[in-house]
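Given the coordinates of chain A, assemble chain B onto it according to the supplied hints.
Quick mapping for you: the protein sequence lines, in order, are chains A and B.
Sequential numbering from 0 applies to the first sequence in numbering that gives the first Met the number 0.
Sequential numbering from 0 applies to the second sequence in numbering that gives the first Met the number 0.
Treat the hints as calculated values from the structure; they're not laboratory data.
Note that CB positions come from ideal geometry on N, CA and C, so glycine has one too.
Hints may be right or wrong, so weigh each one.
What the hints assert, rightly or not - A partial selection of chain A residues facing chain B, derived with a Cβ cut-off under 8 Å: (1) V134; (2) A138; (3) G163; (4) W165; (5) V166; (6) T178; (7) S223.
Each chain, written out:
2 protein chains.
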Amino acid sequence: MDNRICGIHPVYEALVSRRTPIERIHIARESHSGKLKEILELARERDVPVRKEERSVLDRMAEGTVHQGVIAVASAISYADFEALFKPDKPVVVVLDGVEDPHNLGAVIRTAEACRASGILVPERHSAPLSTTVVKASAGASAYVPVVRVKNLVNGIDALKERGLWVVGIDPAGTQDWTDFDYTGPVALVLGGEHRGLRRLVREHCDALVRLPMLGNIASLNISVAAAVVLYEIVRQRRATPSNSKEAPQE
Amino acid sequence: MDNRICGIHPVYEALVSRRTPIERIHIARESHSGKLKEILELARERDVPVRKEERSVLDRMAEGTVHQGVIAVASAISYADFEALFKPDKPVVVVLDGVEDPHNLGAVIRTAEACRASGILVPERHSAPLSTTVVKASAGASAYVPVVRVKNLVNGIDALKERGLWVVGIDPAGTQDWTDFDYTGPVALVLGGEHRGLRRLVREHCDALVRLPMLGNIASLNISVAAAVVLYEIVRQRRATPSNSKEAPQE
Numbered sequence: 000m001d002n003r004i005c006g007i008h009p010v011y012e013a014l015v016s017r018r019t020p021i022e023r024i025h026i027a028r029e030s031h032s033g034k035l036k037e038i039l040e041l042a043r044e045r046d047v048p049v050r051k052e053e054r055s056v057l058d059r060m061a062e063g064t065v066h067q068g069v070i071a072v073a074s075a076i077s078y079a080d081f082e083a084l085f086k087p088d089k090p091v092v093v094v095l096d097g098v099e100d101p102h103n104l105g106a107v108i109r110t111a112e113a114c115r116a117s118g119i120l121v122p123e124r125h126s127a128p129l130s131t132t133v134v135k136a137s138a139g140a141s142a143y144v145p146v147v148r149v150k151n152l153v154n155g156i157d158a159l160k161e162r163g164l165w166v167v168g169i170d171p172a173g174t175q176d177w178t179d180f181d182y183t184g185p186v187a188l189v190l191g192g193e194h195r196g197l198r199r200l201v202r203e204h205c206d207a208l209v210r211l212p213m214l215g216n217i218a219s220l221n222i223s224v225a226a227a228v229v230l231y232e233i234v235r236q237r238r239a240t241p242s243n244s245k246e247a248p249q250e
Numbered sequence: 000m001d002n003r004i005c006g007i008h009p010v011y012e013a014l015v016s017r018r019t020p021i022e023r024i025h026i027a028r029e030s031h032s033g034k035l036k037e038i039l040e041l042a043r044e045r046d047v048p049v050r051k052e053e054r055s056v057l058d059r060m061a062e063g064t065v066h067q068g069v070i071a072v073a074s075a076i077s078y079a080d081f082e083a084l085f086k087p088d089k090p091v092v093v094v095l096d097g098v099e100d101p102h103n104l105g106a107v108i109r110t111a112e113a114c115r116a117s118g119i120l121v122p123e124r125h126s127a128p129l130s131t132t133v134v135k136a137s138a139g140a141s142a143y144v145p146v147v148r149v150k151n152l153v154n155g156i157d158a159l160k161e162r163g164l165w166v167v168g169i170d171p172a173g174t175q176d177w178t179d180f181d182y183t184g185p186v187a188l189v190l191g192g193e194h195r196g197l198r199r200l201v202r203e204h205c206d207a208l209v210r211l212p213m214l215g216n217i218a219s220l221n222i223s224v225a226a227a228v229v230l231y232e233i234v235r236q237r238r239a240t241p242s243n244s245k246e247a248p249q250e
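This is chain A alone, in the form it adopts within the complex:
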């Protein structure tokens, strides 16, 4: 696996140089060298998640390379700072609660870029890493859309609320149709993962829950499709509002 950086010195150098974006670091439980402490310190500073693992897990990951109890997984692109989500005037943030399929993550990034959404918010756990597969599935859009990672998604949602965003969950149990919410203000859309949908706690932290009608026999849409339908409803509403009509060509 060419996205694995194995061994104390290579991982330390990768963290210090900041040349390679690091997705996460795996450390053997029983490791206690002084240099490893420095690595942990740097990882904390850089917001890189660290997972303690059995040495056998690291042996499998390293595929024969000497790892000295520490392996970093490189990512194709870097995560952005939380502040990057608030660059536009009326932010649209897409919050993904456990999207693990890189094709889905890439497809959401691609549509978000097309709709000029501000960015994507994901949790550390149960999220597809920012791999080359994500970059490819995004058709290059990942170069333009900030993806922000937070330890705890509920805290992240609360932070969005503090910044004035309305948090709208997309959920089969939604109490209104996707078109009945007014998205003309700053807004965050929250979508659940492929396997479990929105978690209860995340759902409870939404200001509103909207549903996409399922008129046939199947139970749900693909995540990237559901995100796209609501993102383009936002585009439709914002184009229709008088405040936006001012943006028409003025020649």
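Below, chain B without anything else, positioned relative to chain A:
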């Protein structure tokens, strides 16, 4: 490849029994046995496309199995008759002009089923076969949505027009926004393939061309995403029209 049926007798039996849906048949150019003529006859009756190939192509496809100059490719599900598209009162047909990625075809089928669209129309050439990958990507929706195959897509579009459908192409060169067309009547949406978009002749046969705004830097949306955005715009419009409000619960 377990979807290949090799040899004169097995292919003949598959066509006669109708137990296995057949995607297409490959025949060696220089084959002239009497039984092969019967196979060609049956294939014509059953609307199964036949491709004449060099014998070396068949050798490669057969992977060592004896093929006697004929190989059938089985599909996971059958194509439907053209008439299946007109079962609902106000049909919504999704026409795919060269969608070759089975994940995209499956995703379109999934969304079409969720929107209760009438079915999918595809051409024989440059279309993903109805493989198990399509079935899986459709999340089971392929059991409910008829997929109709025509030799010539332009003729197919003309046949839709004769049945009273408005044919709307989704194209970056569209003259109106996707929300500006009135989809409350019978309608067909035409989308181009992953690589080349709508072909000129197909585009010229559309009654209208609508565009999805691309507000960022990238040039296009994923096919299944573009289809979904317009399919849900149709749902939105049809829910909003007075004729549909009569369908509200009457208890």
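Checked hints:
{"no.": "1", "hint": "V134", "in the structure": "violated, 12 Å"}
{"no.": "2", "hint": "A138", "in the structure": "holds, 6 Å"}
{"no.": "3", "hint": "G163", "in the structure": "violated, 22 Å"}
{"no.": "4", "hint": "W165", "in the structure": "violated, 20 Å"}
{"no.": "5", "hint": "V166", "in the structure": "violated, 21 Å"}
{"no.": "6", "hint": "T178", "in the structure": "holds, 5 Å"}
{"no.": "7", "hint": "S223", "in the structure": "holds, 6 Å"}
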